[in-house]
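Enquirer: Got chain A sorted already, so can you dock chain B with the ligand onto it with the hints?
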Amino acid sequence: MQRRKVIGLAGAGVVGAATAGAVAWRSTANGEAAQESADRIAFYGERQAGIITPAQDRLHFVAFDVITKDKAALVDMLQSWTAAAARMTQGKEAGALGAVGGLPEAPPEDTGEALGLPPADLTLTIGFGPSLFDSRFGLRDKKPAALADLPKFPGDTLDPALSGGDLCVQACANDPQVAVHAIRNLARIGMGVVSVRWSQLGFGRTSSTSTTQATPRNLFGFKDGTANLKAEETSLLDDHLWVRAGDGPDWMTGGSYLVTRKIRMLVEPWDRTSLLEQETIFGRNKGEGAPLTGRSEFDEPDFAVRGDDGEPVIATNAHVRLAHPTQNGGARLLRRGYNFVDGSDGLGRLDAGLFFIAYQRDPRRQFVPVQMRLARQDELNEYIRHVSSGLFACPPGLLAADDFWGRSLFT
Amino acid sequence: MRTPRLLALVAAAAATVPLAACGGGNDDAASGAGDKITVDASDTECKVAASESDAGTVTFAIANKGNKVTEFYVYAPGDRVMGEVENIAPGLSRELIVELASGTYETACKPGMIGKGIRNAFQVSGSAPALTEDAKLAQATKDYQRYVKSQTGALIEQTTAFVTAVKAGDVEKAKTLFPIARTYWERIEPVAESFGDLDPKIDAREADLEAGQEWTGFHKIEKDLWVAKDVSKSGPTADQLLADVKTIVDKANTVTLSPVQLANGSKGLLDEVATGKITGEEDTFSHTDLWDFAANVEGSQAAIAALRPALEEKDAALVKTLDERFAAVEAALEKHRDGDGWKLHNTLSQADLKTLSDEINALSEPISKVAALVAGK
Ligand SMILES: [Cu+2]
Numbered sequence: 001m002q003r004r005k006v007i008g009l010a011g012a013g014v015v016g017a018a019t020a021g022a023v024a025w026r027s028t029a030n031g032e033a034a035q036e037s038a039d040r041i042a043f044y045g046e047r048q049a050g051i052i053t054p055a056q057d058r059l060h061f062v063a064f065d066v067i068t069k070d071k072a073a074l075v076d077m078l079q080s081w082t083a084a085a086a087r088m089t090q091g092k093e094a095g096a097l098g099a100v101g102g103l104p105e106a107p108p109e110d111t112g113e114a115l116g117l118p119p120a121d122l123t124l125t126i127g128f129g130p131s132l133f134d135s136r137f138g139l140r141d142k143k144p145a146a147l148a149d150l151p152k153f154p155g156d157t158l159d160p161a162l163s164g165g166d167l168c169v170q171a172c173a174n175d176p177q178v179a180v181h182a183i184r185n186l187a188r189i190g191m192g193v194v195s196v197r198w199s200q201l202g203f204g205r206t207s208s209t210s211t212t213q214a215t216p217r218n219l220f221g222f223k224d225g226t227a228n229l230k231a232e233e234t235s236l237l238d239d240h241l242w243v244r245a246g247d248g249p250d251w252m253t254g255g256s257y258l259v260t261r262k263i264r265m266l267v268e269p270w271d272r273t274s275l276l277e278q279e280t281i282f283g284r285n286k287g288e289g290a291p292l293t294g295r296s297e298f299d300e301p302d303f304a305v306r307g308d309d310g311e312p313v314i315a316t317n318a319h320v321r322l323a324h325p326t327q328n329g330g331a332r333l334l335r336r337g338y339n340f341v342d343g344s345d346g347l348g349r350l351d352a353g354l355f356f357i358a359y360q361r362d363p364r365r366q367f368v369p370v371q372m373r374l375a376r377q378d379e380l381n382e383y384i385r386h387v388s389s390g391l392f393a394c395p396p397g398l399l400a401a402d403d404f405w406g407r408s409l410f411t
Numbered sequence: 001m002r003t004p005r006l007l008a009l010v011a012a013a014a015a016t017v018p019l020a021a022c023g024g025g026n027d028d029a030a031s032g033a034g035d036k037i038t039v040d041a042s043d044t045e046c047k048v049a050a051s052e053s054d055a056g057t058v059t060f061a062i063a064n065k066g067n068k069v070t071e072f073y074v075y076a077p078g079d080r081v082m083g084e085v086e087n088i089a090p091g092l093s094r095e096l097i098v099e100l101a102s103g104t105y106e107t108a109c110k111p112g113m114i115g116k117g118i119r120n121a122f123q124v125s126g127s128a129p130a131l132t133e134d135a136k137l138a139q140a141t142k143d144y145q146r147y148v149k150s151q152t153g154a155l156i157e158q159t160t161a162f163v164t165a166v167k168a169g170d171v172e173k174a175k176t177l178f179p180i181a182r183t184y185w186e187r188i189e190p191v192a193e194s195f196g197d198l199d200p201k202i203d204a205r206e207a208d209l210e211a212g213q214e215w216t217g218f219h220k221i222e223k224d225l226w227v228a229k230d231v232s233k234s235g236p237t238a239d240q241l242l243a244d245v246k247t248i249v250d251k252a253n254t255v256t257l258s259p260v261q262l263a264n265g266s267k268g269l270l271d272e273v274a275t276g277k278i279t280g281e282e283d284t285f286s287h288t289d290l291w292d293f294a295a296n297v298e299g300s301q302a303a304i305a306a307l308r309p310a311l312e313e314k315d316a317a318l319v320k321t322l323d324e325r326f327a328a329v330e331a332a333l334e335k336h337r338d339g340d341g342w343k344l345h346n347t348l349s350q351a352d353l354k355t356l357s358d359e360i361n362a363l364s365e366p367i368s369k370v371a372a373l374v375a376g377k
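The listed protein sequences derive, respectively, from chains A and B. Its first residue numbered 1, the first sequence is counted upward by one per residue in full-length UniProt numbering. Its first residue numbered 1, the second sequence is counted upward by one per residue in full-length UniProt numbering.
Bound-form chain A, shown alone (with noise of 0.2 Å):
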């Protein structure tokens, strides 16, 4: 309770001295001045900062279940975590008194590995899961229709433990140290409230969610997720992206719904597979990322194009045919997936493999019948295995310091 009242207070609109480079400066709409620099994304705002903020290096992303039956010890919580995540987004400490400025006798308020270090767009996206929709509190007439359970897909392996979650925050920024610092301090000022559930570090962002962005590579060395949603394309995102008033409950009007998937791959018969079937598998080419009926990466692939033997240059169970909008009735989706290595699986197998993150407008007509598809039919599913699933709607951006995550839902 002490420690809520100090980072309360300190929340309420303390702001950081101008670093050199490109600062801006605008104002929210309690009239407040919030910083925006280089490598400090703006916390409040009309959406959550994390989804078409141009993918980070680094990702740090943690499932909560709730532990407590008490709605306000609940609501106490999501405050305090507000108030700490303005903080650290912003490249400040946890708490006011900081890693080192509290008692001597008193465990320190930040767990200080983040000190000097800088902001590193450091962004803190919060997403509610169908599991806290239950009884417990009170939820069930706020619950969207689009946060229905996923459906089993064809080949799914999942492991319980590693997925779903009442709660969850994705921590993306440009240095590892900076977003587990984030997850760290949110998970201690949590106890006896939730209680991790599952997490999953990522490097290497494998999809760009900004035109000023190269499409990076996946485990797999291949370009993945050309076809993306980007940040520029503002009416495909008014589209595809945000939910709007009518799609269902207020609470989510301005939010969009988050879809996670731990895709092991098997990296080392991948290796051991000839280009040419990589290709095929892919419908791309490894090193230009273009389709195979093209010659650059965003030439459009072009599906009716046959080969001197009468079959499909993009063969039909190639994963850009099969993923492709085109394909899945104009179903886009804005990824932003990492890659994650766990170190290697005791038989000498590295554990690795895509942290499929996918934001949407509703992932009934968007992630599920695409991934059904792809279950169905993907030649890659040789090399991959689906270990972990989570789905969680995650609400507008916070405008005001006086708000917290939350608020619309619990009050």
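For the record, the hints were derived by calculation from the structure and aren't laboratory data. Hints should not be assumed to be uniformly reliable.
Listed below are several chain B residues computed to face chain A (Cβ distance under 7 Å; list not exhaustive) [stated by the list, open to error]: (1) V260; (2) D358; (3) N361; (4) A362; (5) E365; (6) S368; (7) A371; (8) A372; (9) A375; (10) G376.
When the alpha-carbon atoms are kept at most 16 Å apart in a straight line, the in silico EDC-like pairs for lysine to aspartate or glutamate are as follows [as the list claims (entries may be wrong)]: (11) B:K201 / B:E214; (12) B:K354 / A:D65; (13) B:K251 / B:D197; (14) A:K69 / B:E324; (15) B:K320 / A:D70.
Here a beta-carbon is modelled for each residue, glycine too, at the ideal position from N, C-alpha and C.
Expert: Just chain B with the ligand, lined up with the frame of chain A:
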């Protein structure tokens, strides 16, 4: 520190043992100082001959008429132990002399030494001077020191019984006594750990040893009992253990911990739980980790209880949180009770352990604030 279960227990005890029936009439029940209040303890009942007293020195005479070893406690609110007698064997009688200021108390018999015990309300009236904050902190260290003394007494008795069984080659009996003796050890571990050289001699695990270092203590005998199933060569280790325990007990009873040390000790005990007991590392051969778990929590609670009057003044909301979270830990642990003891660690599921771990974390976080509160003048 009232779990709903406990409240029900207390209410039931009050209902089935009407106060007037305890000691006959009011005339002989409430005279306070000077008269002994008899307590008839059995395996199922705790008949306290009076439900009230005048402030001052109160003497209880406890007779164990049951078949289980019992304990008797006088608690102030928050389960602050005002006085206790540990380890009363069947057929024995013991006395407890305790100084009580005016206020509301509870007495408790603990047949089998388990749980919250069978409780009765005890009211003390009359004048008693209020303590200043400094005096409350000073009192906390005194109260805790008395707690250590009662625990160390039982530790010697139970370790003696354990060692005797080992030397007699009675493997089965020694196995049942092992976790009981350790209970008293684990409750006061922060004190024990302040004697750097003795603690490892008594409690080192095999994995803690350096190459060439001699292994002695509880866990060496634990391995003999559970792995070798042969204690024919364990005699010298057992003798050494008892000697070391006696030495550490002598030292422990001369040490007075400061209030900040008390606070850190209570946190340290929970850290012990989180790092060693949850994982099953502590009792890796016997899997009796939950006994140690419960004892660590009880020890932590005793230290906090001693600090309670001071904490009440500084941050009553924190005290309330601590009460709730201690109760939650007890409730989570209670699911794994097995008779008078606890289920073996290796029979708990990962989900069971996760729940226990969550509850310990939930309790440890507010406890980590106590030291600064106590230190901050
Ligand atoms: Cu793909």
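Enquirer: Can you list which hints this structure breaks, lowest number first?
Expert: Result: no hint breaks.
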